[in-house]
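So the protein sequences, as listed, match chains U and S.
When we follow full-length UniProt numbering, the leftmost residue of the first sequence carries the number 1, and every step to the right adds one.
When we follow full-length UniProt numbering, the leftmost residue of the second sequence carries the number 1, and every step to the right adds one.
Calculated lysine-lysine pairs in the DSSO-like style (CA-CA distance at most 27 Å, straight line):
(1) S:Lys156 to U:Lys168
(2) S:Lys562 to U:Lys562
(3) S:Lys129 to U:Lys309
(4) U:Lys527 to S:Lys565
(5) U:Lys168 to S:Lys168
(6) S:Lys576 to U:Lys562
Chain S is nowhere near these chain U residues, computed Cβ spacing over 12 Å in every case:
(7) Ile387
(8) Ala390
(9) Val400
(10) Leu593
(11) Glu619
Since the hints were made in silico from the structure, they are not lab data.
Bear in mind the structure is a predicted one, so any value in this text is a computation, not a measurement.
Ideal Cβ positions, reconstructed from N, Cα and C, are used throughout, including at glycine.
Protein chains: 2
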Amino acid sequence: MAPVTIEKYVNQNEPHLVSNQLATIPFGEYIFRRLLSIGTKSVFGVPGDFNLSLLEYLYSPNVESAGLRWVGTCNELNAAYAADGYSRYSNKIGCLITTYGVGELSALNGIAGSFAENVKVLHIVGVAKSIDSRSNNFKERNLHHLVPQVHNSNFKGPNHKVYHDMVKDRVACSVAYLEDIETACVQVDNVIRDIFKYSKPGYIFVPADFADMSVAADNLVKVPHISQQDCITYPPEVQLLDIIDKITSWMYSSKTPAILGDVLTDRYGVSNILNELIYTTKIWNFSTVMGKSVIDESNPTYMGQYNGKEGLKQVYKHFESCDLVLHFGVDINEINNGHYTFTYKPNAKIIQFHPEYIRFVDTKYGDEQMFEGVNFVPVLKELYKLIDVARLSLQYDSNVTSYTNETMQIEDLTDDQSSIITQAHLQKVMPGFLNPGDVVVCETGSFQFSVRDFAFPTQLKYISQGFFLSIGMALPAALGVGIAMQDYSNAHINGSNVKEDYKPRLILFEGDGAAQMTIQELSTILKCNVPLEIIIWNNNGYTIERAIMGPTRSYNDIMSWKWTKLFEAFGDFDGKHTSSTLIEFPSKLALKLKELKNSARRNQIELLEVKLGVLDFPEQLKCMVEAAALKRNKK
Amino acid sequence: MAPVTIEKYVNQNEPHLVSNQLATIPFGEYIFRRLLSIGTKSVFGVPGDFNLSLLEYLYSPNVESAGLRWVGTCNELNAAYAADGYSRYSNKIGCLITTYGVGELSALNGIAGSFAENVKVLHIVGVAKSIDSRSNNFKERNLHHLVPQVHNSNFKGPNHKVYHDMVKDRVACSVAYLEDIETACVQVDNVIRDIFKYSKPGYIFVPADFADMSVAADNLVKVPHISQQDCITYPPEVQLLDIIDKITSWMYSSKTPAILGDVLTDRYGVSNILNELIYTTKIWNFSTVMGKSVIDESNPTYMGQYNGKEGLKQVYKHFESCDLVLHFGVDINEINNGHYTFTYKPNAKIIQFHPEYIRFVDTKYGDEQMFEGVNFVPVLKELYKLIDVARLSLQYDSNVTSYTNETMQIEDLTDDQSSIITQAHLQKVMPGFLNPGDVVVCETGSFQFSVRDFAFPTQLKYISQGFFLSIGMALPAALGVGIAMQDYSNAHINGSNVKEDYKPRLILFEGDGAAQMTIQELSTILKCNVPLEIIIWNNNGYTIERAIMGPTRSYNDIMSWKWTKLFEAFGDFDGKHTSSTLIEFPSKLALKLKELKNSARRNQIELLEVKLGVLDFPEQLKCMVEAAALKRNKK
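The following block holds chain U by itself, in its conformation from the complex (with noise of 0.2 Å):
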């Protein structure tokens, strides 16, 4: 038998599998087709001196012509906000390349945010040539971006993974720092592989000769895509029909059974089953904060966010009813689980699917079961295709009806009569704004809590950083999801219920202290054609920290811009581009939200300045603050 060459895999129709009939390719065009086979089809940062050989290949035809696309950022921060944005909204890998030292810590705070949510994130840097670190000539040399030795830099060399050192088992699941030509595509892949399993970034350090180096193109053929499902490990069949007879079983015995859909289930792309699987059964069914929009909202027995005691009244009453707690990509840390405050009802089981375990707990006699290694992809797929609705035996309370945005009880909201804009009446009149099959960015700050409640419209797909906090990540992070929405269009659609012609929006909530912290990349956002709607709340500061202390101090003060001109100083010299509009009153505020959601033509930046009261914040981050602040206290 001949043997098989690599040509024979050549698929003509996909470019960036074709090698040119070449059993080797530079691997520089090695990683950028790796990229493209994953599903990254823009990739964002910065040039710099050690990932320039790199980059040249985003030019190589086999890459060009497959639609990799390059999205230089004004600076590696805004890039690693976007390579997350990128990824929230595809659940594709989102991918950064930066230069050694100072730009690849630049973005650390970025991947440390993508880190701390389960983001998919890639962070390319470019290093010094392999030879720098490994030639006795070489190695005793203090090279240009790496830090020196703290004692004896003059006579001692720099360490090559300082950086590397730094980030390893503390903000990556991978990690890779390029040595060996030979086995650098096989490293490319697994930390490709590590991320889809763990969802977190990982890195890889390329030596600057490395890119034009050749190596064999074999890895790419064998395997032509790799996607998150290829890199989750399934369990034996026995196993999973024993967890989903165990499941089956305590929901058809439940009388109040609760789903709560929670942001893992977002991140290992299933939050359609787990609708799917809502719909069919009825089940009563919540949000967390970090899960926001894995549910759709719109369903008839979503009862609301569930935030322990510091969410709505209301929603914590009903979630404390349920006898049994499904609680799908469990994710616990002091925000998504209202400063550990998750109460359940006397006696109630609660089940919890993550990545790692599925975990059973009876709390009636504090037992509990731990299937450690079995990720809940297969398990919540076999459960919707293996759960019997008829021997469901619900029996909620038949008074309560769905939470909408109409039964919403927030004390401040009642009388809200004011003539200037608050955050009670923005709670009143944003949601009303939104339109099935929008995409919502909001910003780390006040308003967001008040997102929190709010209930969405179908189809709506909603990103925040809510647990991580990092102010300014928003609006590079929109730029990000643009990017996606670019490259995936309707990718987050599913099913009929937003009209076929209906092009979503993509809307950004942002803070007027943290759009000072990356507005530069409102220009890239323009560069790059992304049609957004883009809401500053200018509330002269960090009105999130005063509600917190020091409500009139300079330090929560920032400069007054006129946010207006923005865009003409960023590249829209003669306005054709963006629209920009100062708002004051609730009329004005109602005229423009209504003529946004309306408008037929989607294919300008649209800039709302709204003002909004120094001091005023919504219900709910008072609510935090206290409870953050009591849990304190007490010990």
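Please build the complex by placing chain S on the supplied structure of chain U, with the hints as guidance.
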């Protein structure tokens, strides 16, 4: 004898030392008083919930009345850059305050740059309450801003010291994560002493609950001031004299000695003494890339900037004719050493003066003598005191004249008659723009390479990140420099060569690509009334990268901005505080430069946008790129 009470030490003229007759003060107050006591009068940063309790003490009467100023920046990276600039100008410790994770990580690249370039920066990070990391009830909780564990984070508490572990022994000379209030003051003082001693950044991680805790004020009273000189260890007199003997004997027997003024001379505050030594001895002297402006370049025996084979030929010819090189404040890295091409006259002797050693090298015999642990500061001081100028026997080539802008020989400069503005043109006209006593901040980028060969007027202070080369650093650094100039008016001016009534200008040379990285800090410059002349070289992208690779590649492109519109958006709504001018032709540039140079009115911000060719870069950058590439390929 009555016991000495704390009140006895109190000096009524120094409110920051007065403790209102109390022997204890809140720890937050201690920190700020300690900062005042070391000469840090302004603090940069961004508020965050973990540092608010500390920031509250900015307003404590004893702190506020003593003049400690909070300079809120738009983001944390910019705060780090500003603190760096503050220290580079004042030679005090620049301080920034950030919050756990989201804040401190954003600042990290700035800190790494300070570390690489020996700048004294204190980074205070507000972290979670001490109870959160210690109490069994809390330490298992995932807190916002704090990355969870890589695995099992739902069951395993976070590592509260994860960020501490990243920076320790990597980008800081001293790091204290405070855990015990009893020792906290001593730890603060120790970090400060280390920063002064090693001239590198230090970190203090302050739990949010520590700010309000009472501490003894003793340390402040017993040690009311700490200066860098206090933190340097002095060698025993016998050893010191031994070293001086050896230096002077080498000097007396040399015919063509050279003084090389390097960067650490500046960082240890002894540039003046070195200049006095030069004035007195008339020894030929050279600057280094990083040591630029350490030496008064108007002195009659200044011979230019020496950078091995990457510098001007006329300069290295002179340097390499010297039989003795006294290298003060030596810092060895590829940039400062022309990619390791420093070359000495055959049989030359070399003396290296460093904060941690004095090293004698006799190349004739291959002899080397090293005095480890001896700081060069007392050695230089003593040398200046003890040298007998009469015993020098200088025999330089009498045909050689000192290095001036007129004698600069660069090929490109000879026939520039272009009607557009070129780098060659700038190299001719920009030196004349500078006045004695001005302060110049220069961004990393192509123009920076030009400046290397300027002969500066006397008393000019030059600030540039010459080795770490993080683009975007200079603009926020200029904020820090401007604040330091407000706190320490004319601190850089010594001697009578600058007119008494001359108000030194602060000039920033900035690139367009770099400026986009950190542009928002223009707004803080405006807020703080820092009069600044900012010249933006607009060459449509990353020209320094184009010089290396991808001259026409899209990855080197940036968005076109209308630079002259920025201040209107950033807070100067009616144009009263700023003036922005677009300059496209040499004639207009000449006019504007003349106007600025001679202006009597220096209370506003002047922004010049100067259009340059996309592919035009100075001869020096070409040489560097070629030299760097050559050296690598050779092995």
